[in-house]
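*Asks:* These are the residues of each chain, in order.
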Amino acid sequence: MRLIQTDEIGKVVYDSLMEINFVLPNDVKEKIINQIEIENSARGKNILSMIKENYLLSEAKRIPLCQDTGMAVIFLDIGQGVLLEGDYIEDVINRNVAKAYLDGYLRKSIVDSPLTRKNTNNNTPAIVHYNIVPGDDVKISIAIKGFGSENMSRMVLLKPSDGLEGVLDFVVDTVKKAGPNPCPPMILGVGIGGTIEKAALMAKHALLRELDSVNEDEEARIIEETLMERINSLNIGPMGMGGITTALGVHVEMFPTHIAGLPVVVNINCHSSRHKEIIL
Amino acid sequence: MIRKISTPLKEEEIVLLEAGDEVLLSGYIYTARDAAHKKLLQLIDEGKDLPFDVNGQVIFYVGPTPNKPGEVIGSAGPTTSYRMDEMTLPLLKLGLKGTIGKGKRSEDIKNYMNEYKAVYFIAIGGIGALISNSIKESEIIAFEELGTEAIRKLYVEDMPLYIGIDSYGNDIYSEVL
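Those sequence lines, one after another, are chains A and B. In case it helps, the working numbering puts the first sequence at residues 1 to 280. In case it helps, the working numbering puts the second sequence at residues 1 to 177.
No lab work stands behind these hints: they were computed from the structure. Take the hints with a grain of salt, since some may be wrong.
Once the Cα atoms are required to be at most 27 Å apart in a straight line, the calculated DSSO-like pairs of lysine-lysine come out as [to be verified]:
1) K52/A - K68/B
2) K108/A - K136/B
3) K45/A - K4/B
4) K45/A - K177/A
5) K108/A - K68/B
To give an idea of the interface, some chain A residues facing chain B are shown, with a C-beta separation under 10 Å as derived from the structure [as the list claims (entries may be wrong)]:
6) N21
7) M50
8) E53
9) D68
10) T69
11) R117
12) P180
13) M239
14) M241
Glycine residues also receive a C-beta, built at the ideal position from the N, C-alpha and C atoms.
Produce the complete structure using the sequences and hints provided.
*Replies:* Here you go:
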């Protein structure tokens, strides 16, 4: 049994938010630099250069990378051997989210009700997903999700007979329909299988994976490669103004499903893919 | 060639702009996004005056991050424009000449741009730090209770934009998508 204070997790949340709003992950930076070299559209190249200029300026002057500082989405993988001590974990997380959004001069984008829409003025609540995993570590994965790209995400419940081609067509069609709106070059998280909420969770979780990391599942890896190729041939390009850089990454997660179903969720992230993982 | 233009926009300048052109915009512009548009339209419906004279002006679809002490504004890039598509016509009727946002707009908007001789500017999304460099003054002039969605009067210098839809209804995205 290992004791972990919920305040320790809260501090990780605070520190991470104060970092990821201003500093892009290295894999994203490297990918942008690489695409500036190989992008064949002049406009696309110019836009990618502006994206680079933006992350340099953001980091140097601590101006948020994007004005949409997002909704905080947190995955907590809690080892079965861990005992959490202190105030209730979700209260601690929300307290730290609120403090970071105040201290960091970050935008408060959360409304209390999806219908009456009064701003909570502290960017809470965060979305928190808990998983119990083997071991005695706690892994905190934190992302800030902008809604320009969230709004372009889609879900479908295909028929089993639609098969692989049905899945591929749906993902490509989602990207086509989204066009310039989600701020391409985008990153795609694709959840295939399970139930509707399982597919959505896998799609969101897939966005956290490192770009260019190789999927351990052979079937998923081939789907990723096929999708990358088809999507980057659409000529959507940076901000939809043409070019070969439409997706920076496609990440697929799969799960067993029912004999009658084939759920698919495509979660889109913008080029400003702000996230971080910490293991306690 | 990158063309320099300034607000208030004049029709003889607007008609020279073509979809795909790069421009640098200077002058006063106004911010408004979802919630502020709803309020503006309500005022129009009630026959009341708007917080600013829309005639010849440009609206920037943005909800900036708060400014740090001593700074003009925080991060300030465009939000996606289609959400304002159905709230744009009443403003064009009052003489609005430009909107700044990102992403696709409806067929109706293309027709209105032609009919009312207005333009849709595209700012690059996700580079709000860089765009904030071109904003020199910022003042909340209405709906302060909306926080980030309040209407601000901004003074911008050489704000980098593309012409998304020109005053003939041509759309930059129709070439590529």
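*Asks:* Straight-line Cα separation of K45/A and K4/B no greater than 27 Å?
*Replies:* holds, 22 Å
*Asks:* Under 10 Å, Cβ to Cβ, is where E53/A needs to be relative to chain B, so tell me if that hint holds or is violated.
*Replies:* holds, 6 Å
*Asks:* Hint check: K108/A vs K136/B, CA-CA at most 27 Å. Holds or violated?
*Replies:* Measuring from Cα to Cα gives roughly 23 Å; hence the hint holds.
*Asks:* Holds or violated: D68/A as interface residue toward chain B, Cβ cutoff 10 Å?
*Replies:* This hint holds: D68/A lies near chain B, its Cβ roughly 7 Å from the closest one there, short of 10 Å.
*Asks:* Interface hint check: T69/A, Cβ to nearest Cβ on chain B, cutoff 10 Å. Holds or violated?
*Replies:* holds, 6 Å
*Asks:* Would the stated hint for M241/A survive a check requiring a Cβ distance to chain B of less than 10 Å?
*Replies:* holds, 6 Å
*Asks:* Going straight from one Cα to the other, do K52/A and K68/B come out at no more than 27 Å?
*Replies:* holds, 23 Å
*Asks:* Are K108/A and K68/B close enough, with their CA atoms no more than 27 Å apart?
*Replies:* holds, 14 Å
*Asks:* Was the hint right that P180/A lines chain B, CB cutoff 10 Å?
*Replies:* Since chain B brings a Cβ to about 5 Å from P180/A, closer than 10 Å, the hint holds.
*Asks:* With 10 Å as the cut and Cβ atoms as the points, is R117/A at the interface with chain B?
*Replies:* Holds - the Cβ of R117/A comes within 10 Å of chain B, reaching about 8 Å at its closest.
*Asks:* Report holds or violated for the interface hint on M50/A, using the least CB-CB distance to chain B and a cut-off of 10 Å.
*Replies:* At 5 Å from the nearest chain B Cβ, M50/A passes the 10 Å test, so the hint holds.
*Asks:* With a cut-off of 10 Å on the beta carbons, see whether N21/A makes it to chain B.
*Replies:* holds, 9 Å
Against the hints set out earlier in the document, no violation occurs for any number.
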